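This is what each chain is made of:
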Amino acid sequence: EAQVTQNPRYLITVTGKKLTVTCSQNMNHEYMSWYRQDPGLGLRQIYYSMNVEVTDKGDVPEGYKVSRKEKRNFPLILESPSPNQTSLYFCASSSYIQPYEQYFGPGTRLTVT
Amino acid sequence: RKEVEQDPGPFNVPEGATVAFNCTYSNSASQSFFWYRQDCRKEPKLLMSVYSSGNEDGRFTAQLNRASQYISLLIRDSKLSDSATYLCVVDKAAGNKLTFGGGTRVLVKP
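Chains as they are written, first to last, in the working numbering: chain P, -6 to 106; chain D, 3 to 112.
Treat the hints loosely; a few may be bogus.
Far from chain D, some chain P residues (derived; all Cβ distances over 10 Å) [to be verified]:
(1) P1
(2) L12
(3) V45
(4) E63
(5) T106
No farther apart than 30 Å at their CA atoms in a straight line, the calculated lysine-lysine pairs in the DSSO-like style are these [to be verified]:
(6) K44(D) / K10(P)
(7) K99(D) / K50(P)
(8) K50(P) / K4(D)
(9) K44(D) / K94(D)
(10) K50(P) / K44(D)
(11) K62(P) / K4(D)
(12) K64(P) / K47(D)
(13) K81(D) / K62(P)
(14) K81(D) / K47(D)
(15) K58(P) / K99(D)
(16) K44(D) / K58(P)
(17) K47(D) / K99(D)
(18) K62(P) / K94(D)
(19) K11(P) / K62(P)
(20) K44(D) / K62(P)
(21) K81(D) / K58(P)
Because the hints were derived from the structure by calculation, they are not lab data.
In this text the structure is predicted, and so the values were computed from the model without any measurement.
C-beta atoms are modelled at their ideal positions from N, C-alpha and C, and glycine is treated no differently.
Excised from the complex, chain D in its bound form (with noise of 0.2 Å):
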């Protein structure tokens, strides 16, 4: 099993729509969360932080389940311009062991 898990999509969204995703970690000791952007092979870039207590940065919201070992990202209202491919990155000890996942492919279409 991998440490970290996503659905590979491509999730294909309507302009305006909702889209939701969620990524699987194997170790229950990781103590951070966070989901990068990435743009057709180019450098990923942060997106947001996950906390405990669930976290939102205007459209996007991220959420923290540590006892079911999962964090989930929701995009409101997409646009065009948030077609990328998500990463769900794991941390197992403070910035210093991270484990990507393989990325989950949006596509929103007009």
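Excised from the complex, chain P in its bound form (with noise of 0.2 Å):
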């Protein structure tokens, strides 16, 4: 079945633990990126990336770091994570052959405390 998966679904951290959120889909697909939604805001890009190795920021990458490593896996990294944090994540990837039909992961529920 093709998917992406995330993991953790769901995190309550506290402020200064460094974490990783996993990405991983199996569609063979080149781009990838990270999305966190808050109300009212509605989806923000934090990172994207075209391929292997090649990784460019978003509209929101300030205290986010991601590495692609390989074409599969994406993994968000906090650093020190920090209560402005708190969201929901998505994960996605896409092919770049048209319609570029985004396929998201379930969602990550970050809680920083």
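Make the complex out of the two chains shown on their own, each in a separate frame, by following the hints.
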């Protein structure tokens, strides 16, 4: 089954404790990205990757890191989480073939206290 | 001004009725346009792409007006299962610079 998986689905952590949210896709997609969704602000892109070892900042990259060492994986790293990073996070992937449909993972609900 | 703007709603729609709503975008260089559907904090899923000539998929019709920089979505014969948030998505660069609108919430009631 074609899918994007994220782990963990729910996470409560404390300020400053490094964490990683994993994302994996099994569709051989070149393009992957991370979004955060906050009430009233919609989905905002954090980082994206156009292929292995190619990453770039989205609209809200501050406080986040990513890496793309393998085509299927695109982890999101929060080196020192802060309460303003409490949000719902989605990973997505797509190919470069039209209609460029984005396939989203199920989301990770992160709370930073 | 936001790059992609939508009326947040909610649009309360009687079952069987027609509902339509728009989305405006600010970047005239935008290349691709989409409607995604999102159910209650779940992941967004592609509903349909929006083509210049307008396109239809069952009860759903999407239109693009480049001159006025808006896209629209019309839902005919609304079903209870159409209750969701509809996200307008604009792509500036062939699949990798997506901007999402805040979403329009639709509630279909019996």
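Here is how each hint holds up against the structure:
No beta-carbon of chain D is positioned within 10 Å of the beta-carbon of P1(P); the least distance is around 15 Å. Non-interface call for L12(P) relative to chain D: holds, since the shortest CB-CB distance, roughly 21 Å, exceeds 10 Å. Every CB of chain D lies more than 10 Å from the CB of V45(P), the least distance being 15 Å, so the non-interface label holds. Every beta carbon of chain D lies more than 10 Å from that of E63(P), the smallest distance being close to 19 Å; the non-interface claim holds.
Non-interface status of T106(P) relative to chain D is upheld: no Cβ of that chain comes within 10 Å, the nearest being about 20 Å off. In summary, the hint linking K44(D) to K10(P) is supported, as the alpha carbons are separated by about 27 Å, within the 30 Å threshold. As the CA atoms of K99(D) and K50(P) are separated by approximately 10 Å, the hinted pair is consistent with the 30 Å bound. Between K50(P) and K4(D) the alpha-carbon distance is near 19 Å, which keeps this suggested pair within the 30 Å criterion.
With a CA separation close to 25 Å, the supplied pair K44(D) and K94(D) stays within the 30 Å bound. Among the hinted pairs, K50(P) with K44(D) is consistent with the structure: their alpha-carbon atoms are about 24 Å apart, no more than 30 Å. The straight-line distance between the Cα atoms of K62(P) and K4(D) is roughly 34 Å, outside the 30 Å bound, and the hint therefore fails. Among the hinted pairs, K64(P) with K47(D) is consistent with the structure: their alpha-carbon atoms are about 22 Å apart, no more than 30 Å.
Pair hint K81(D) plus K62(P) does not hold up; C-alpha atoms about 44 Å apart against a cutoff of 30 Å. Of the pairs offered as hints, the one joining K81(D) and K47(D) holds, with about 18 Å between alpha carbons and a cut-off of 30 Å not exceeded. Note on K58(P) and K99(D): the hinted pairing holds, with a Cα-Cα distance of about 18 Å set against a maximum of 30 Å. Among the hinted pairs, K44(D) with K58(P) is consistent with the structure: their alpha-carbon atoms are about 24 Å apart, no more than 30 Å.
Of the pairs offered as hints, the one joining K47(D) and K99(D) holds, with about 17 Å between alpha carbons and a cut-off of 30 Å not exceeded. For the hint pairing K62(P) with K94(D), the CA-to-CA distance comes to about 26 Å; that is within 30 Å, so the pair holds. The straight-line distance between the Cα atoms of K11(P) and K62(P) is roughly 20 Å, inside the 30 Å bound, and the hint therefore holds. With a C-alpha separation of about 28 Å, the suggested pairing of K44(D) with K62(P) holds against the 30 Å cut-off.
A hinted pair counts as satisfied when its Cα atoms are at most 30 Å apart, and K81(D) with K58(P) does not qualify at roughly 42 Å.
Consistency note: the structure conflicts with the earlier hints numbered 11, 13 and 21.
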